[in-house]
Amino acid sequence: MIEIRWHGRGGQGAKTVSQILAGAALRRGHYVQAFPEYGPERSGAPVKAFTRLNTKEIRLHCSVYEPDIVVVLDPTLLHAKEVRVTEGLKRQGVLLVNTPHSPEEIRQQTGFMGKIITLDAEALARSVGARFSNVVMLGALARLLGDISLEDVEREFAQTFGEKALATNVAALRAGFSALEAPL
Amino acid sequence: MRLAVEHPNKLTLITGAEAAAHAMRQINPDVVPVYPITPQTPIIETFAQFVADGRCDSEIINVESEHSAMSAAVGASCAGARVMTATSSQGLALMLEIVYIAAAMRCPIVIAVGSRALSGPINIHCDHSDSMMARDAGCVQLFAENAQEAYDLMIIGQRLAEDRRVLVPVMVMQDGFTITHSAEPVALLPDEAVKEFVGEYEALYPLLDTDHPTTQGPFVLPDYYFELKRQQVDALEAARTVWLELQQDFAEMSGRRYEGFFEAYKLSDADYALVILSSTAGTAKVMIDRLRRKGVKVGLLKPWLFRPFPAKEIAQALEGKRAVAVLDRALSFGSWGPMYLEISAAIGRYLREKPVLYNYIYGLGGRDTPPDLIASVVTDMQSELDPTVLHYLGLRE
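Quick mapping for you: the protein sequence lines, in order, are chains S and E. Letter 153 of the first sequence, counting from 1, is numbered 153 in the working numbering, and no numbers are missing. Letter 313 of the second sequence, counting from 1, is numbered 497 in the working numbering, and no numbers are missing.
So that you can see chain S by itself, here it is in the shape it has in the complex (with noise of 0.2 Å):
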């Protein structure tokens, strides 16, 4: 099993993330699972979600403790008192961040001795006209997966998002699938 948990911010859309990748990984045939976490809702506060992968049925219904990928939607959460991203990341794990900054500053400020990849989401989305960088982020995940098809990616957007803003995720996705080198 893969367990992946999500930060962002609420209104980042880290949920509507965790589900769309479980939604693309039914299409592949595996078993999923995605769920946030839930607090007093506040646009702007720290939120998680989380998405498990697996071969088999999934039947726990508890939170992620040991999660196997981290994913930073938004970098001011590297330094938010309230937060600590690696919490319970396997050492074997993969801590993949939205910022401009390398692996190695990462390292630094989270101490994290496993692998990291960054890559600068933030910039991605304006490039291709995107509001937030979930979906990019979604993008690079998904190559970091291997086996999650960008069409099924698409095809669970098109459930999510209304015809405008379609394409603009499309691109979105392309753009951090494109960004990373290959699969882990």
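Worth flagging that the hints you see were computed from the coordinates, not collected in a lab. Since we're looking at a predicted model, the values are computed, not measured. Misleading hints may appear alongside valid ones.
[What the hints assert, rightly or not] With a Cα cut of at most 20 Å, we get these calculated PhoX-like pairs of lysine-lysine:
1. S:K90 <-> S:K115
2. E:K496 <-> E:K538
3. E:K194 <-> S:K56
4. E:K413 <-> E:K481
5. E:K450 <-> S:K56
6. E:K481 <-> E:K450
Using the hints provided, position chain E relative to the given structure of chain S.
Same frame as chain S, now just chain E:
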């Protein structure tokens, strides 16, 4: 980091709340009086979207409180309509006065419940204090482990409620947030199959049948009240039989079989047994698989039915176990957990050789219950912890 693919598809990724709303759309009730409350709201929100999109033609009545929602439901049901609604927590508490009346007036209303802690302090997260508060109202109570069961039990529940041997409300519980807001793969049935399964509802004495006028809900004096209550007892007794009959029909229609009154997971040869309702039962299965690999013989009993309570069958399934731990997600202050009391009574009534019986309170107000925490219960049983005191799981003391 690649995943091997092995299962056939045809599954839809939806939340438990959406799954319940799909069941409602396919059942297409005549009247749905609603009032929003977290975490139930996405059920009626999704359902309202279906109605707005013309995918079913129920009449939604937006009322000003849950008390009014259940009052409107009783009125519509007495008039002869098929009625469904949904609620949670304080909403169920406010509804409860009229839920007793719905049961006594034999209104087969299906109520979807997103389980949530009762205030105070105010908390929106899951526990079972709301449904346990309503356990004596005279409704059938069904508990779903996941989104798939939440969907299936709504459909089975509709037939169960409307069977003329039963005719009482059916509450279908799914865990708030953990299931209502968690997206999982669900196998939805074809609309036509569900429609055919639930059939047309024909009320016995519809108020709108003006050729055969009836009086409903009158004052009843000591000369008849007791007899009417006894009839409600019979209705809940009949629900056992009807539940078992429906399993066969449902299996033929859907290919999914709910066998008996509870799911027994690796239970028959187990030395130690856990009894758990709803979503935490799923987490327990993961822990059981891990412990089994280490040679610990542990199993699970997950009731689908809490009312009527399948006391005899549960006692028989627990016969010969060294120890049994009942995990309750609700308190009865000054006493023990509600399910423990049921099982303790069942074992006392039916078994000569009694397993050591433990009671744990867990998960109140949404406190998370991961597999390790459940495994600690098994360790407790192995080390013969004192069964004469109430235990708390995951509590800071």
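Notebook entry, point to check: Has the given pair, S:K90 with S:K115, been kept, meaning a C-alpha gap of at most 20 Å?
Noted result: holds (10 Å)
Note to self: Between the alpha carbons of E:K413 and E:K481, is the straight-line distance 20 Å or under?
What the structure shows: violated (44 Å)
Notebook entry, point to check: Going straight from one Cα to the other, do E:K194 and S:K56 come out at no more than 20 Å?
Noted result: Holds. E:K194 to S:K56 sits at ~15 Å (cutoff 20 Å).
Notebook entry, point to check: Would the pair E:K450 and S:K56 pass a check requiring their Cα atoms to be no farther apart than 20 Å?
Noted result: holds (18 Å)
Check: Is the straight-line distance between the alpha-carbon of E:K496 and that of E:K538 20 Å or less?
Finding: Holds, because 14 Å separates the two Cα atoms, which is no more than 20 Å.
Checklist line | E:K481 paired with E:K450 [C-alpha distance capped at 20 Å] | finding: holds (8 Å)
Checked against the numbered hints above, the structure violates only hint 4.
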